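Visitor: What follows is each chain in one-letter form.
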Amino acid sequence: MMVTRKSSRKRSVVRKVKGGILYSLCLIGIIIGLVSLAILLYDAFADGLPWLDFQFLISFPSRFPEQAGILAALFGSIWVVGLTAIISFPLGVGTALYLEEYAPQNRLTSFIQLNIANLAGVPSIVYGILGLGLFVEALALGRSVLAGALTMTLLILPVIIIASQEAIRSVPRAYREGAYALGATRWQVTRGIVLPQAFPGMLTGTILALSRAIGEAAPMIAIAALVYVRFVPTGPLDRFTVMPIQIFNWVSLPQPEFRGLAAAGILVLLAVLLGMNSIAIFIRNRYQKRAR
Amino acid sequence: MHAFGARKRARHVREWIIEKLLFASAIVSVFTTLAILGVLLFEAIDFFKQVSILEFFTETRWTPLFKPQHFGILPLVWDTILVTIIALTVAVPVGLGSAIFLSEYAPDRLRRIVKPVLEILAGVPTVVYGYFALTFVTPFLQNFFPEMIVFNALSAGLVMGVMIIPMVSSLSEDAMLAVPQSFREGAYALGAHKHEVVLRIVVPSALSGIVASFILAISRAIGETMIVSIAAGSTPKLTINPLESIQTMTGYITQISLGEAPFGSLEYRTIFSVGLTLFIMVLVVNLIGQWVARRYWKRY
Amino acid sequence: MPSDVKIDVRGLNVWLGDNHVLKNIEVGLKPNAVTAVMGPSGCGKTTFIRAINRLNELIEGSRTTGEIYIDGENIYSKETNIYELRRRVGMVFQKINPFPKSIFDNVAFGPRIHGVESEEELQKIVERSLREAALWDEVYDRLKDSALDLSGGQQQRLCIARALAVNPEIILLDEPCSALDPAATAKIEALMRKLAEKYTVIIVTHNMQQAARVSDFTVFLYLGELVEYGSTKSVFENPKSELTEKYITGEFG
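Chains as they are written, first to last, in my numbering: chain Y, 795 to 1086; chain A, 8 to 307; chain Z, 23 to 275.
Simulated from the structure, these hints should not be mistaken for laboratory data. These numbers were taken from a predicted model, which means no experiment stands behind them. Positions of the beta carbon are idealized from the N, C-alpha and C atoms, including for glycine. Worth double-checking, as some hints may not be accurate.
Here are the computed lysine to aspartate or glutamate pairs in the EDC-like style, where the Cα-Cα straight-line distance is at most 16 Å [claimed, not checked]:
| # | chain 1 | residue 1 | chain 2 | residue 2 |
| --- | --- | --- | --- | --- |
| 1 | A | 27 | Y | 847 |
| 2 | A | 201 | Z | 171 |
| 3 | A | 201 | Z | 106 |
| 4 | Z | 123 | Z | 171 |
| 5 | Z | 100 | Z | 82 |
| 6 | Z | 45 | Z | 247 |
| 7 | Z | 262 | Z | 250 |
| 8 | Z | 117 | A | 192 |
| 9 | Z | 209 | Z | 159 |
| 10 | Y | 810 | Z | 101 |
| 11 | A | 27 | Y | 894 |
| 12 | A | 56 | A | 192 |
| 13 | A | 201 | Z | 250 |
| 14 | Y | 804 | Z | 106 |
| 15 | Y | 810 | Z | 106 |
With beta-carbon atoms standing in for the labels, derived distance ranges [stated by the list, open to error]:
| # | chain 1 | residue 1 | chain 2 | residue 2 | range |
| --- | --- | --- | --- | --- | --- |
| 16 | Y | 936 | A | 291 | 31 to 39 Å |
| 17 | A | 123 | Y | 964 | 46 to 54 Å |
| 18 | A | 34 | Y | 972 | 26 to 34 Å |
| 19 | A | 126 | Y | 901 | 32 to 40 Å |
| 20 | Y | 1073 | A | 291 | 32 to 40 Å |
| 21 | A | 114 | Z | 256 | 31 to 39 Å |
| 22 | Y | 990 | Z | 160 | 39 to 47 Å |
| 23 | Z | 174 | A | 248 | 54 to 62 Å |
| 24 | Z | 160 | A | 126 | 45 to 53 Å |
| 25 | Y | 1073 | A | 114 | 25 to 33 Å |
Input sequences plus hints: build the corresponding full structure.
Guide: Below, the structure is given as structure tokens:
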């Protein structure tokens, strides 16, 4: 009975071949993805490592490639991201707390939620245009660090809100009910129970959002425009540049040495990103273990 | 008695204030959307006072920085679509193939290593991709296409495709993992081969999520800025030849922003009219995506 | 080997990971009859029937030794075509699992993957299967509707029809009524008795009354070992093993 007839044996073979083809195609797909990443990183390292030295980190850009460095952009990035963190974290967490703990289930709340989801899909350059029209022009902040930070805040706010909401949702209902049963007010429960429990998740989400921000060039170009910056910002109203813009500038210059500088800048940027992501993952792992 | 009363009132006031503060944060997000629309429309309306809408949508040349000035958005829109199509031809098969591999073929341990590595592709800043496109991909492709110019649509499109892979693969994989194991077992119990289970049961059941990932990839590609600004060029034109230099909407906005056109000039206002077009395009794509996803959604 | 044995299990051992789930099972199951597989939770009933269509192999870390002969052929031999085996041995699951497709496409899925392409033939197969599963009269006018629109009992009968559509010889049912109400259960029990006229039916159940109602033979498993096998009448009225007696009288399980 199990002995298969000739025609169905042939069918069996055809089916097996089809199965093999699908598997191979999928395998090729994933290999392409991984290999592309490898080539990308190798290329950046090969081009950039020769130009990466201490002098590179402490110099300003220059017409002469040997003397050029990323100092202005590095500090500009730190200023913008730092200011963004200070503004966006409370705003994002506050919004998430409101939506999860306070908001009634009505049309307005659904609208706000839907709106946030939509904002997450808006291209970053549109945020740059927004910042240009609103912060630089209308609020007359000029092309300053503050305008850049405010723009960046609006850009990453949806990400922080969504991540914080997830963190808040993961706090078990049982904890809240226990607190309410003792006669606590909503804010007492939120501040005493929910916030501490959700805090690591919120922090992780924010750091990841900020690490995205530090790599964003498009919105900052719209705000900062000027690309040849030979100074470090000393206040929030100063002009500035950030690392992605500096890299962009160098890569756009025709001389091959500047390509090398661009690659070196990329390595610095990737190092900062790696650092930030590692901190975020470390926090997440450390507090996930404790929750167990 | 009175002491309790006073404490209770103070607590109530405090609770009320806190709630209003938190509500104010939430309103910031609504404000953002209104501000985007406001800024874009405000300046764009001024723009359209000087340039007719008809010319904007039907003229086939975009030369605001040259004399004679033409303000036809078609070349920018078309070039954006061209690059997006190229990106999708990379991202869709590779992303979907990776998703199927990770969800249906890879053993758990392999998946736990490979999936985060693939995610790294999503974390690389787009300037790095732009650099890669210009300094590696273009010279590499010029070996095969000697007539290819340094700035071209193909390199930018291919690299953009690589950047989008994790978007397609992650969401599709999540959709496939959500398909209950009992469906697969039912199919295996009927004597199905693995690829039949995958292609006839898992993928159709996960279609809603898979299509959603495609739509997300499209809207991401349309809005992408740095790769095209670095590697695609600054000459908008209506062409189907990907080896030529082109300019997307986002590429143009970058170019004009760097040029520091004086505030209030017509050239400056093009930022907003192009920006508005871009915003609407992305919005329409996202809405189509939501509609399509709902239509294909299989409940289980 | 006696010719009235359809499924001959010899020295069957199954490990799921480190867990030795089935220990040296030896039994001969008869054709054209309903055999109930009984025992307390965790005794290996599901693993046992999944060994007959080799579905255990879908589980990572599973290992099987021993032989199972169906009509004299060892299904664990290297030459066995596992896909053909699964066509010959149909399975209905405890967790009712119609595909998220139309009623028609659910039943037609099996024949389609095994090579039937003509729409006319598929129509015939679908009707025959649905009739055999006692579902045709309830769905004949809405075959294109989603299977998920059916009630629980109807969905389970649909799964039976789906299994019948590929012309099996053996039908395995894993606690098919555990999610159903008494009325739906009664329908399926009647269906099983009818199916036994044509097929070999093996049903896993933890419901003793159901086993007594429905089956001709009973296998009693305890902690992975086969404790007793015989006609249902004799196992229930005259159990040979003390363990069986304890289980039947409800002392445990």
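Visitor: With reference to the structure, classify each hint as holding or not holding.
Guide: Each hint tested on the structure:
| no. | hint | verdict |
| --- | --- | --- |
| 1 | A:27 with Y:847 | 52 Å, violated |
| 2 | A:201 with Z:171 | 28 Å, violated |
| 3 | A:201 with Z:106 | 14 Å, holds |
| 4 | Z:123 with Z:171 | 10 Å, holds |
| 5 | Z:100 with Z:82 | 20 Å, violated |
| 6 | Z:45 with Z:247 | 5 Å, holds |
| 7 | Z:262 with Z:250 | 7 Å, holds |
| 8 | Z:117 with A:192 | 11 Å, holds |
| 9 | Z:209 with Z:159 | 14 Å, holds |
| 10 | Y:810 with Z:101 | 15 Å, holds |
| 11 | A:27 with Y:894 | 14 Å, holds |
| 12 | A:56 with A:192 | 64 Å, violated |
| 13 | A:201 with Z:250 | 37 Å, violated |
| 14 | Y:804 with Z:106 | 13 Å, holds |
| 15 | Y:810 with Z:106 | 13 Å, holds |
| 16 | Y:936 with A:291: 31 to 39 Å | 34 Å, holds |
| 17 | A:123 with Y:964: 46 to 54 Å | 21 Å, violated |
| 18 | A:34 with Y:972: 26 to 34 Å | 32 Å, holds |
| 19 | A:126 with Y:901: 32 to 40 Å | 36 Å, holds |
| 20 | Y:1073 with A:291: 32 to 40 Å | 39 Å, holds |
| 21 | A:114 with Z:256: 31 to 39 Å | 47 Å, violated |
| 22 | Y:990 with Z:160: 39 to 47 Å | 56 Å, violated |
| 23 | Z:174 with A:248: 54 to 62 Å | 60 Å, holds |
| 24 | Z:160 with A:126: 45 to 53 Å | 49 Å, holds |
| 25 | Y:1073 with A:114: 25 to 33 Å | 31 Å, holds |
In this structure, the earlier hints numbered 1, 2, 5, 12, 13, 17, 21, 22 are contradicted, and the remaining ones agree with it.
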